[in-house]
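Both chains are given apart, each in its own frame, so use the hints to dock them into the complex.
For the protein sequence lines, the chains are A and B, in the order given.
Going by this note's numbering, 162 is the number at position 162 of the first sequence; the sequence numbering is gapless.
Going by this note's numbering, 1381 is the number at position 381 of the second sequence; the sequence numbering is gapless.
Check each hint, because a few of them may be wrong.
Where chain A lies over chain B, by a calculated footprint (3+ residues, C-beta under 8 Å) [stated by the list, open to error]: (1) 1323 to 1333; (2) 1348 to 1354; (3) 1359 to 1368.
Hints listed in this document are in silico derivations from the structure and should not be mistaken for laboratory results.
For every residue, glycine included, the Cβ atom is placed at its ideal position computed from N, Cα and C.
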Amino acid sequence: MNRWIREWSVVGVLALLLAYLAWRAPAFFQLQPLLSLLAREAPSLVVACGVAMVIIVRQIDISVGSQFSVCSVIAGLLAAAGWPLAAVVPVAVLIGGSLGLVNGLLVAWLGLPSIVVTLATLVALRQCLNLVRQGEFVNLPERIQWLGLSQSQGQWLLVGGAVGLVAVLAWGLRHLAAGRWLYAVGSDAEAARLAGIRPRAVTLGTFVLMGALTGIAAMMNVVQSPQVQPLTGSGLELKAIAAAVVGGVAISGGRGTVWGVLAGLLLLACISPAMVHLHIDAYWEKAIQGLIILAAVMVEGLRRRRNHAR
Amino acid sequence: MSERPLLAFRRITKSFGAVRALRGVDLEVRAGEVHALLGENGAGKSTLIKVATGAHAPDSGVIELAGETLERLDPALARRRGIACIYQQPALFPELSVAENLALRLEPAAGWRRVAWAERHRVALALLARIGAEIDPGREVGTLSMPEQQLVEIASAIGAGARVVIMDEPTASLTRREQERLFGIVNALRREGVAVIYISHRLEEILALADRVTVLRDGQSVASRLRAEVDEATLIRLMVGRDVAQLYPPSESAPGAVRLALRGLCCRSAGGRPVSFEVRAGEVYGLAGLVGAGRTELARTLFGLTPADAGELWIDGERVTIGSPQAAIAHGIAYVPEDRRRHGVVLELPIEQNVSLAAWRRLFPLGWLRRDRERSEAREFVRALAIRTPDTETATANLSGGNQQKVALARWLATRPRVLLLDEPTQGVDVGAKSEIHRLVRRFAAEGMAVVLISSDLPEILGMSDRIGVMRGGELAAELPGGAGATQVMSAALGQPVEGTAA
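In isolation and in its complexed conformation, chain B is listed as follows (with noise of 0.2 Å):
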């Protein structure tokens, strides 16, 4: 392991719009090392890992590559100059077969120049066979499984002479054995002398196999450390120690009855697994986890877009079957996506038929629609919501993004529901128009709703949340009370034992 660092990140820095996703972030990786790469949901990771690909073109600060200064890098030029990326989701061609993923990555372009299928294949094997994986180079991408994919983007790195590798979360999808196999392979590029850039939330791996950590949070670097230095509490503390930058409201009511419970309810042929918990009127309940710990899934069957096909579902005491997003709704349940610009509203509609979209059987129980009931309902959403709009007629795509939640927010209240699951509400939108919705959230709560609320911003859960739940691989790992610290919510979610309080 020499000393001067092979790629260096210094003070980058990066925004998108309002959003400043790196605030500054140092990063030095050697030759020969393997570097973890740490932080919770939205610390700046992707970004990072983006700017380091040219995928995306820093605000300010300096990349250096074996000491030279890159300047304008874009991924055309990175992947030239030896950096290369992993991704969780293998970008490859799936209708191509294995050798020609590999030569489209490998062999200049020259457009008119005969292809040597022979000379394809040869290489192929060859570089399937540098990284131990026993994969037909004739094959179909398309045929193989994601770890089977994965190691065909790690040739394709290696065959490109790439010296530093990213790997972003790779052993997300993979079972034990195909773990110790890519273990074995990030060991063999370290003996090679490449640099390992290696990104994942599981602690027990990155100790194992990092020679260096670094911590991102909230776009910042807060501390490289060797790995002998740290253990996994030095680690989840460096990744939540933070001051709740942001007041939230406090909860005004106490809990009326139990509303919402759930016993072993899952949807086993989506891969869910049992979840029990239960939500009384007026709590509003958090869920937090990581990416991918299955919290959007278990809504997503609440709302009978997955419909459970195991456990029990009560609402008010009552045992209810959830079949379809209709059932969900005539039972009082609302659903306010995720991705709010994909599928939380309908862009191109205005305002006033975005809102009552899905309460139309409430509003029109004929059938046809009554234009002047529509617009006096969306008006009293804008006024109470505060959406911010000349009138209820114009388009929804016009709006901001936390006027576009509120729309989304409204369509639901419409609805009069019983239940509110609420997921990530608060992403991509302004600070201010974030704490409008928390207090929305807790007036709702008032009201007598029972609020799961869904986000992976950890202030905001432990900010907003009358008692906690953290998922992780699709189960309930722990419930915790309102008052439970970042660290005990952090451990939770990554499968370390939480102090003080019993899960």
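Next up, chain A with everything else stripped away, as it sits in the complex (with noise of 0.2 Å):
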């Protein structure tokens, strides 16, 4: 039990919240906009889960945001162009992996940190769909909304989705070797590559896969409205950070589960309906998230200091 501590005080906070909630605003437990703000939360799940995996091999990708715009804005042409939704999709991922190769590559063979490598492809990515889309919307025809469903079946399909997929990365991460892979090389590179692990390999492979499941959250995004901005996803890379964080993932490698990062996710997600039901200023929305983060990496970091002191 000690093992998922971090985990299980995110769940205890949300439950802490959402029983509050209960007694103050129960108006807040209505079936339809809290759906609907699932709904709106899945695709950030989704990214976030990923972010999570990046953060455990101890890289970072802060490009997903840009990623994000450029699958959602050529996901919409083909759209616009008359593909089919059957084949929209797996392009949609194609270019994800894509973008996350090219980041992979830059990272794992050329050795360059993280940090810069994603910095550049977030503002390069964006600067390009701007130059090319000139801030042009993407008209949708309508079969694409909602999967071609009625709205609320849409919803239910895109969120049993998400969390469908978080089930599979958590397993994943807990019975494949190479999910094994990521903690090892997280913690310590050079100790997995002395038992035979490829920390090179192991760290292209997690950002293509960064890569492609932010194609598929691009796609849930895209079927819930008419429309694609071009500045969708602008700021997605923070919210999927600070999902992982406040879910347990430590900073610094090796340590954190996906099923941490949906708790995490939720508990940021509910703040701001949660305010909106309590009558609190929407202002304070930044600063509680703000101050919840803070107080995941302070955990953290108590964590780190007791486990040093031994």
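What follows is the structure in structure tokens.
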């Protein structure tokens, strides 16, 4: 139990928040608004899980927002050109994966620091998109929305799909040899190399997976609105990193679970509607989220200090 | 040379946990004397230097400088009182210029004072000229060669008015011409009345340079003699002369067929030299040598970390090429690295995950983990190697050093290796765990593995090895039978002729 204390503490805080809402603002618990909230957050959840894995291998990817935009816009253009959804989704995943491959090659093979590499791709992708699209919106055909289903059916499907994806990733991290490698490389890349693991291949693979997940997330977002905005996804990297950190992923690598990320994201996502229902000034939202992140980092720092004291 | 010592250590002791690094060292250094400090790996030389420079506080004992007892010595005080140390790896700031590096040491720290650049440059130039070094003070230290950086260190020591200069293996990375120049500087320091403590493994250097020699052994000073009173043979005898304090488990099995054979194997691109030897199944082959003799480098080449680019490697009569650790594992080579705390195990992972990390191909051929299998495998090793832990889910960081080392062993035994490379397997583990590891190594050999044991612990090499290869300067300097004496191994490691046995 002690090993998962970080994850459980987030779940505990979330449960406390929900209990308080149940007491003071039971109106928070209405099916349709909650479902809409979860569907809106589904793409962020998928991206946050990818970012969590990148952090577990002791790297960082701050270009996910730009990757997300590129995937969204291209997917929107293809859909507008009449491509069926079944063809657009794999293309979005492929594009995301290739963008991840570029990051991964620069980081793993050239040994460049990932913060600098992904800062560069963050800016470069965003600027390319601006240059090519000139800020133009992409209007989507009707049939794309909600995957051709009713709105609530579509929302259920997206939420279910995102949670299913989290479950698959959680299983992979825990039950595949490759999942174990992420933790080993993130804890001590040299020790992993001496154990016969290829740290560079593991890092590369993680960045590619990150990109592919961004592609999926972009599709989950595209189907929720009638248009694709070119600015979609800006700021997503911070949201994803925050969810990962709050959810117990150690920024120093080697530790964390995607279930924790799910709990962390839910906690951060509930703050805004909770404030509306509790009649707190909306200006406090970011401050409260910031405090939650700070608290998570401090808990992490205390854990590390205790481990070092031994 | 005056008779009163300038710097004196009296009954200095220092322990790190259970390890007693210094157990009563006496050393007297006089002004204007070059005093050589000699001893095998782990004899306590480095610890003594750190005590002298104030980096470590001694547990007991007295340090006297010019007759005055130094209480609570710290690095800043030691430097102020004129004790300077030139380390093997110069501790300079590579991004700053020579003049700036010197100024950082020499100029009093007044944070808001305006920097007098011209003055800095002039002082640096004068200091460098005093030791005959032609280095532009404006150059960035990172662009200097190692010996040039050493000269900058010496210049800063002199500039700070050092009365005692400690040199730790100063010639280790120098060419012959650079050595000659360094000797000139050492002689100049002696003429200026500086006391030089000179640490080296090169006996000929010590005999040529020193006025007096002190030999350390097992944390004690065993002898302090004038240069005229000693020769090479005496020094070697003083360094190794001791009883083997521990009992080692006897060899249990007759060696079988040749399992591992190196024929001129080396990694030239990593600076390796060709090495040839054979190890039979059931044999423990000890690799002795001084630190830096190339033993770890050879093990890293065998394991594919710096793949061999010349020579041949044969395993069980089959020629193999090892281009990566993966290939090494596939051919049944296992490498338990030195410096366990850093890379031997992944400290944050639980024991069971460390055990399965290298053997996943055998344990989980389909790619997904079978936790039941992983756990039962780990439990078996915990029992077989007597790893003291409440369960196999405990993080490896929570174990003692000896038990962590056993986890590292278990990881590699789980790969069912044919060749086991052990690099300093008992470094930093307590005595009890040490003899347990020795027994285990014997058992692995008895099970048919070819074991290569790298150790700087001479009694361990002598007690455990069926045959001993002695390395020096990246090459196999001698091959000795298991019953060889400490003097023979030490002589070979120091590049002296080996009495008795043909090399």
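Consistency of the hints with the structure:
no.: 1; hint: 1323 to 1333; in the structure: holds (count 5)
no.: 2; hint: 1348 to 1354; in the structure: holds (count 3)
no.: 3; hint: 1359 to 1368; in the structure: holds (count 4)
In summary, this structure violates none of the numbered hints.
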